[in-house]
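Student: So the protein lines, in turn, are chains A and B. Numbering of the first sequence is given in the numbering used here, commencing with residue 1 and proceeding in unit increments. Numbering of the second sequence is given in the numbering used here, commencing with residue 1001 and proceeding in unit increments.
The hints are simulated quantities; they were obtained by calculation from the structure and are not laboratory data. By construction, the Cβ of each residue, glycine as well, lies at the ideal position given by its N, Cα and C atoms. Be a bit skeptical, because a hint or two may be false.
Claimed, not checked - Only pairs whose alpha carbons sit at most 27 Å apart, straight line, appear in this in silico DSSO-like list of lysine-lysine:
no.	chain 1	residue 1	chain 2	residue 2
1	A	LYS166	B	LYS1141
2	B	LYS1141	A	LYS88
3	A	LYS201	A	LYS88
4	B	LYS1237	A	LYS11
5	B	LYS1262	B	LYS1288
6	B	LYS1237	B	LYS1288
7	B	LYS1110	A	LYS11
8	A	LYS11	B	LYS1262
Unchecked claim - Cβ-to-Cβ under 10 Å is the rule here; a few derived chain B residues that face chain A:
no.	residue
9	GLY1080
10	LEU1088
11	ASN1089
12	GLN1101
13	ALA1112
14	GLU1114
15	HIS1152
16	THR1221
17	LEU1223
Unchecked claim - Cβ-to-Cβ under 8 Å is the rule here; a few derived chain B residues that face chain A:
no.	residue
18	SER1051
19	LEU1053
20	ASN1087
21	GLY1138
22	TRP1175
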Amino acid sequence: MNIALNFVAMKTIVRKEMVRVMRIWIQTIVPPAITMTLYFIIFGNLIGRRIGTMDGFDYMQYIAPGLIMMSVITNSYGNVVSSFFGAKFGRHLEEMLIAPMSNATIILGHVAGGVLRGLLVGLLVTIVALFFTRLEVQHPFVTMSVVLLSSIVFSLMGFINAVFAKKFDDISIVPTFVLTPLTYLGGVFYSISLLPEFWQKVSMANPILYMVNAFRYGILGASDISIGVAYAILVVFVVILFSACLLLLNRGVGIRE
Amino acid sequence: MQALTIRNLTKTYANGNVALKGINFSVDAGDFYALLGPNGAGKTTAIGIISSLVNKTGGEVEIFGHNIDTDLEAAKTCIGLVPQEVNLNLWEGVHNIIMNQAGYYGLGRKLAGERTEKYLRALRLWDRRNDNARSLSGGMKRRLMIARALVHEPKLLILDEPTAGVDIEIRRSMWEFLREINEAGTTIILTTHYLEEAESLCRHVAIIDEGTIIEDARMSTVLRKLQREVFVLSLAKPLEAAPQLEGFETTLRDDCELEVDKGPEVNLNDLFSQLDARGIEVVSLRNKANRLEELFMRLVENKQDGFKEVAGA
């Protein structure tokens, strides 16, 4: 494999993705900022004041890491699924498929684009959060590594969704019926210690719970789950999902006749 | 050196449609090669496999000696593709489209910028470089796809109906451009429904029908196989009836237009001698139908048996 060629090609995909994000900033950057501001006002401020504390933190402070993580996850996923499916639908994906770059480069370029948008929106939501509450990062490395790995995981999931999608409806089904429920049930707004024991065990099967809690641990120093388990799950997900993406592209599933 | 070698290439789609039934052909480096056939004959499938957009069922493809099964990266580097359907990102700027394509082939930003300017100027799109692709006319989009295919300066350029829907003036200027890059050393494979285009540009022709190659030869050789030609003569003075000319069949289309059917055993000098002897003055002469088109129709309609008839075999 020509490493220099693939490096230039990957940079090109990332640049193209960022140009796209900035070109349609009103669709990519602004909505999550507005949505999260509403979350902070309604759940954090209006309702949160009646809830009191959660795991020793005021409610606004408790939900802030989860809301940041939620925006990172949905934007990473959304960027890759819409960009890759759009390219497939408009057939300009062929520009990449006929080029000599490897399939791994195509995946990495799109994932990097998804991660950058996720982190950009995450940063914006963090700035919004700082208007409502005080956040002091307790474990910077954990915070950064967890948000990065989570973003990669959901970018890869978005890629797989785009590979299988045949129409635009197909790229909204997973976010609506899988991603959003899992995120809401992933401990963004509550500690799972509030749940009955049975539902606590059910919640442990939700991968987003580990991401949200590990990120919350990085910022607040509090978590419902083991950080080691969260890292293990994230790394296993990255490896499995990347391998799946590569296998799909190598076989041409959904992109080659 | 062979630019392209195809051996026993087969393709059966998931729905059971057999698009290619074991085709064989090769293209010499530097050639201008026409791949012709009716709709659904297998041209686009063959091109899709060569450019790795379609998975083959069987057979081998080599591009400048690089087998696509074992050396795909090198094979891809040699190819530039202008597909049949517009596959541009219509929301992307013209300049960005070419720059991105250059990046996908590993060209650094500086070289990519130079090449982008070179080919956008060559294809008369430089003034539209900041516009979105969707704002371009159909002909401009076709030219943009050619610029995109050339930005990494491939050794083999494949054009799948590049002039479809393009007006005559633009088409002619595209022909001129393609001739120039071919003369500069780029091997070109062209599919087109404008057979005049193939006859004018290409030195070699293959005709594919129902997934099988039914003709593959030099253009001049193929055209020689066409035994009869029909000419239309414009006359200076009107005639009352078609003249009887030895060796020719004549029909009067109207007072001043004579149609002459010419066999292989006579030449045009005979025709003019006989017309001269009868005091018939010819103002101009033209082929009734494009020669390649006529041959193409006979081949496709009659397949192998018909071809023997045409060739007199």
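Student: Taking the hints in turn, state whether each one holds.
Tutor: Structure-based check of all given hints:
1. A:LYS166 / B:LYS1141: Distance ~26 Å between LYS166 (chain A) and LYS1141 (chain B) Cα, so the pair holds.
2. B:LYS1141 / A:LYS88: Holds - the C-alpha atoms of LYS88 (chain A) and LYS1141 (chain B) are around 19 Å apart, at most 27 Å.
3. A:LYS201 / A:LYS88: Violated. LYS201 (chain A) to LYS88 (chain A) sits at ~40 Å, over the 27 Å cutoff.
4. B:LYS1237 / A:LYS11: At roughly 72 Å apart (the allowed maximum being 27 Å), LYS11 (chain A) and LYS1237 (chain B) break the hint.
5. B:LYS1262 / B:LYS1288: Roughly 11 Å between the alpha carbons, so the hint for LYS1262 (chain B) and LYS1288 (chain B) holds.
6. B:LYS1237 / B:LYS1288: holds (20 Å)
7. B:LYS1110 / A:LYS11: holds (14 Å)
8. A:LYS11 / B:LYS1262: violated (63 Å)
9. GLY1080: holds (9 Å)
10. LEU1088: holds (6 Å)
11. ASN1089: holds (4 Å)
12. GLN1101: OK, holds: GLN1101 (chain B) within 10 Å of chain A, min 6 Å.
13. ALA1112: holds (9 Å)
14. GLU1114: violated (15 Å)
15. HIS1152: holds (8 Å)
16. THR1221: THR1221 (chain B) check fails; min Cβ-Cβ to chain A is 32 Å, beyond 10 Å.
17. LEU1223: LEU1223 (chain B) check fails; min Cβ-Cβ to chain A is 33 Å, beyond 10 Å.
18. SER1051: SER1051 (chain B) check passes; min Cβ-Cβ to chain A is 5 Å, inside 8 Å.
19. LEU1053: Status holds, d = 6 Å.
20. ASN1087: Hint on ASN1087 (chain B): holds, closest Cβ of chain A at ~4 Å, below 8 Å.
21. GLY1138: violated (16 Å)
22. TRP1175: Since chain A brings no Cβ nearer than about 24 Å to TRP1175 (chain B), farther than 8 Å, the hint is violated.
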